[in-house]
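Asker: With the hints as extra help, turn the sequences into a complete structure.
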Amino acid sequence: MFSDDSAIANVYNVAPQRLAAAIDESAAVGRVWLPDELAQVLLHQLDAPLADDLANLGPKARRELQRLRVRTHGTFRDLLSDHEARRSLGWMIKCEVLLRSTLGSGTIAKCCQVGASHERCSEDTALGAFLPVTSQARSFRVGPILRGTYGFFRP
Amino acid sequence: MARPLSEGSPCPTGTGEAQPPAVIAVRELDGKVRYQYHPWLRVVFLKGKKIVSLPEDGDVKPATPSARDAVDVAWAREVMGNAIRHMRVECESSRRMDVCGVFEARVLRPTLGGASPVPYSALVKEDGLRTPLQAANLLTTAKRKFLRALRAVVREHVRDEARVEAEISELRAVLAAGAPSSG
Numbered sequence: 143m144f145s146d147d148s149a150i151a152n153v154y155n156v157a158p159q160r161l162a163a164a165i166d167e168s169a170a171v172g173r174v175w176l177p178d179e180l181a182q183v184l185l186h187q188l189d190a191p192l193a194d195d196l197a198n199l200g201p202k203a204r205r206e207l208q209r210l211r212v213r214t215h216g217t218f219r220d221l222l223s224d225h226e227a228r229r230s231l232g233w234m235i236k237c238e239v240l241l242r243s244t245l246g247s248g249t250i251a252k253c254c255q256v257g258a259s260h261e262r263c264s265e266d267t268a269l270g271a272f273l274p275v276t277s278q279a280r281s282f283r284v285g286p287i288l289r290g291t292y293g294f295f296r297p
Numbered sequence: 476m477a478r479p480l481s482e483g484s485p486c487p488t489g490t491g492e493a494q495p496p497a498v499i500a501v502r503e504l505d506g507k508v509r510y511q512y513h514p515w516l517r518v519v520f521l522k523g524k525k526i527v528s529l530p531e532d533g534d535v536k537p538a539t540p541s542a543r544d545a546v547d548v549a550w551a552r553e554v555m556g557n558a559i560r561h562m563r564v565e566c567e568s569s570r571r572m573d574v575c576g577v578f579e580a581r582v583l584r585p586t587l588g589g590a591s592p593v594p595y596s597a598l599v600k601e602d603g604l605r606t607p608l609q610a611a612n613l614l615t616t617a618k619r620k621f622l623r624a625l626r627a628v629v630r631e632h633v634r635d636e637a638r639v640e641a642e643i644s645e646l647r648a649v650l651a652a653g654a655p656s657s658g
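Read top to bottom, the protein sequences are chains A and B. Going left to right, the first sequence walks through residues 143 to 297 as my numbering numbers them. Going left to right, the second sequence walks through residues 476 to 658 as my numbering numbers them.
No lab work stands behind these hints, which were simulated from the structure alone. One should not assume that every hint holds.
What follows is a list of derived Cβ distance ranges for each label pair [stated by the list, open to error]:
1) A/201 x B/644: 32 to 40 Å
2) B/570 x A/220: 39 to 47 Å
3) A/166 x B/544: 15 to 23 Å
4) A/215 x B/596: 12 to 20 Å
Each computed SDA-like pair below joins lysine to any residue, with the alpha-carbon atoms no more than 25 Å apart [claimed, not checked]:
5) B/600 x B/590
6) B/600 x B/633
7) B/600 x A/185
8) B/600 x A/183
9) B/600 x A/175
10) B/600 x B/631
11) B/600 x A/172
12) B/600 x B/615
13) B/600 x A/171
14) B/600 x B/588
15) B/600 x A/184
16) B/600 x A/182
17) B/600 x B/630
18) B/600 x A/177
19) B/600 x A/187
20) B/600 x B/623
21) B/600 x A/155
22) B/600 x A/215
23) B/600 x B/585
24) B/600 x A/157
25) B/600 x B/612
26) B/600 x B/571
27) B/600 x A/180
28) B/600 x A/186
29) B/600 x B/573
30) B/600 x A/179
31) B/600 x A/156
32) B/600 x B/626
33) B/600 x B/636
34) B/600 x B/589
35) B/600 x B/640
Note that CB positions come from ideal geometry on N, CA and C, so glycine has one too.
Answerer: What follows is the structure, given as C-alpha cells:
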C-alpha cells in the first residue's frame with residue numbers, strides 16, 4: 143500500500159467509514175497486539191522467573207515482600223497457584239501484565255504498593271515505596287492510569 | 476464547522492446573459508480557504524487541485540446538505556491521502572520503510588482493505604524484524620508518525636494551532652457519517 147501510488151488511490155475509493163476506522167486505529171497508539179498475540183505474551187509471562195522482575199524492586203519493596211513472606215522464587219504461574227500469595231499479589235500481577243501490554247514496560251515495582259494499604263495506589267505510595275530509581279520513574283503517572291483505565295482500586 | 480458558502484467571481488462566458496458565478500462556494504475555516512466548488516465544471520478544487528467531480532445528473536448544489544457532505548468527505552479523503560503521502564515521504568527520507576510496512580500491514584490494509592492484520596510472526600519472517608516485540612514497538616512508532624503526519628496536513632488548513640485537534644475530530648466525524656459512495 144505504501145509501495146506505490148495505487149495504494150494511496152485506495153483512500154479515494156473506499157467507504158469513508160473505513161478511513162474513519164483508520165484514524166481510530168491509529169489513535170489507539172497502545173493497541174498493538176492482536177488477541178492471539180497478547181495471549182501468547184501472557185502465557186509466556188506466566189512462566190517467566192519471578193526473580194527477574196523482583197530484582198528490580200527497591201529496598202522498601204523487598205522488605206515488604208519479606209514481611210508478607212512472599213515466595214520470590216519460581217514463576218508467575220507458581221505465584222498464581224499459591225493461595226496466600228495470590229491473595230496479596232494476584233491483583234498486582236494484573237497491574238503488571240496490563241502495564242506491560244499497554245505501556246510496553248513496567249514491573250510490579252512500578253505498579254503499586256504491597257501490603258495492608260493496597261486499597262489505593264497513588265503516585266506517592268507506588269513510587270515512594272517501590273521504585274529504586276529515579277527521576278524518570280517519578281514522572282510515571284501510575285495512579286491515574288490504573289485508576290482511570292482499569293479501576294483496580296477500591297474507593 | 477465552516478463558514479457559510481460565499482459567492483465568488485462571475486463566469487466570463489461572453490454571452491451577455493446572467494451566468495452563475497465561476498466559484499460559488501468558498502468554504503473557509505479560520506480564514507483559510509478549504510475548498511472551492513466550481514459549478515460550471517462541477518468539480519471541487521482544493522488548493523487548485525481537483526479533488527472530486529460531482530455527478531452531472533441531478534440537482535446538485537453546494538448549498539444542499541448532501542452536496543456539502545459530499546464535498547466534506549472529498550476534502551477529508553484528500554487530507555487522509557496527503558497524510559499517508561506525508562508519512563511515506565518521511566519514512567523514505569529516514570530510510571525507515573519498516574515503519575510504514577508495519578503500519579500498512581496492521582492498520583491500512585485491515586481498515587481500508589478489510590484484510591486480516593498480518594501477525595507479527597509473519598512480519599518477523601518476511602520483513603527481517605528481529606522479534607514480535609520489535610514489530611509491536613514499530614507499530615506504536617508508526618501510529619504516532621501517522622498522527623503527526625495527519626496533524627501536519629490539517630495544520631495547513633487552520634491558522635490556530637489549537638484548532639488542529641478539533642479539526643481532526645471533525646474530519647473523522649465527516650468520514651464516519653459519510654455516504655459510502657466514493658468521490
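Asker: Check whether the Cα positions of residue 600 of chain B and residue 180 of chain A lie no farther apart than 25 Å.
Answerer: With Cα atoms ~19 Å apart, residue 600 of chain B and residue 180 of chain A stay inside 25 Å; holds.
Asker: Given the hint that residue 600 of chain B pairs with residue 636 of chain B, does the C-alpha gap stay at or below 25 Å?
Answerer: violated, 42 Å
Asker: Could you grab the alpha-carbon distance between residue 600 of chain B and residue 187 of chain A and see if it respects the 25 Å cut-off?
Answerer: Satisfied, since the Cα-Cα distance of roughly 23 Å is no more than 25 Å.
Asker: Can the restraint linking residue 600 of chain B and residue 571 of chain B be considered satisfied, given a maximum Cα separation of 25 Å?
Answerer: It holds: about 18 Å lies between the C-alpha atoms, which stays within 25 Å.
Asker: Between residue 600 of chain B and residue 186 of chain A, does the CA-CA distance stay at or below 25 Å?
Answerer: Holds - the C-alpha atoms of residue 186 of chain A and residue 600 of chain B are around 20 Å apart, at most 25 Å.
Asker: Take a quick look at whether residue 600 of chain B and residue 182 of chain A sit within 25 Å of each other, Cα to Cα.
Answerer: Judged against 25 Å, a Cα distance of about 17 Å means the pair holds.
Asker: Mind checking the alpha carbons of residue 600 of chain B and residue 175 of chain A for me, to see if they're no more than 25 Å apart?
Answerer: The given pair, whose Cα atoms are some 17 Å apart, holds under the 25 Å limit.
Asker: Holds or violated: residue 600 of chain B and residue 215 of chain A, Cα atoms, limit 25 Å.
Answerer: violated, 35 Å
Asker: Next pair to validate is residue 600 of chain B with residue 183 of chain A; report whether the Cα-Cα distance is within 25 Å.
Answerer: Given pair residue 600 of chain B, residue 183 of chain A holds - Cα atoms ~18 Å apart, limit 25 Å.
Asker: Does residue 184 of chain A sit within 25 Å of residue 600 of chain B, going by the straight-line distance between their CA atoms?
Answerer: holds, 22 Å
Asker: Verify the proposed pairing of residue 600 of chain B with residue 633 of chain B, using a straight-line Cα cut of 25 Å.
Answerer: violated, 43 Å
Asker: Within a Cα-Cα threshold of 25 Å, do residue 600 of chain B and residue 573 of chain B meet the stated pairing?
Answerer: Status holds; Cα separation ~13 Å.
The structure fails hints 1, 4, 6, 10, 17, 20, 21, 22, 24, 31, 32, 33 and 35 (numbered hints given earlier, in ascending order).
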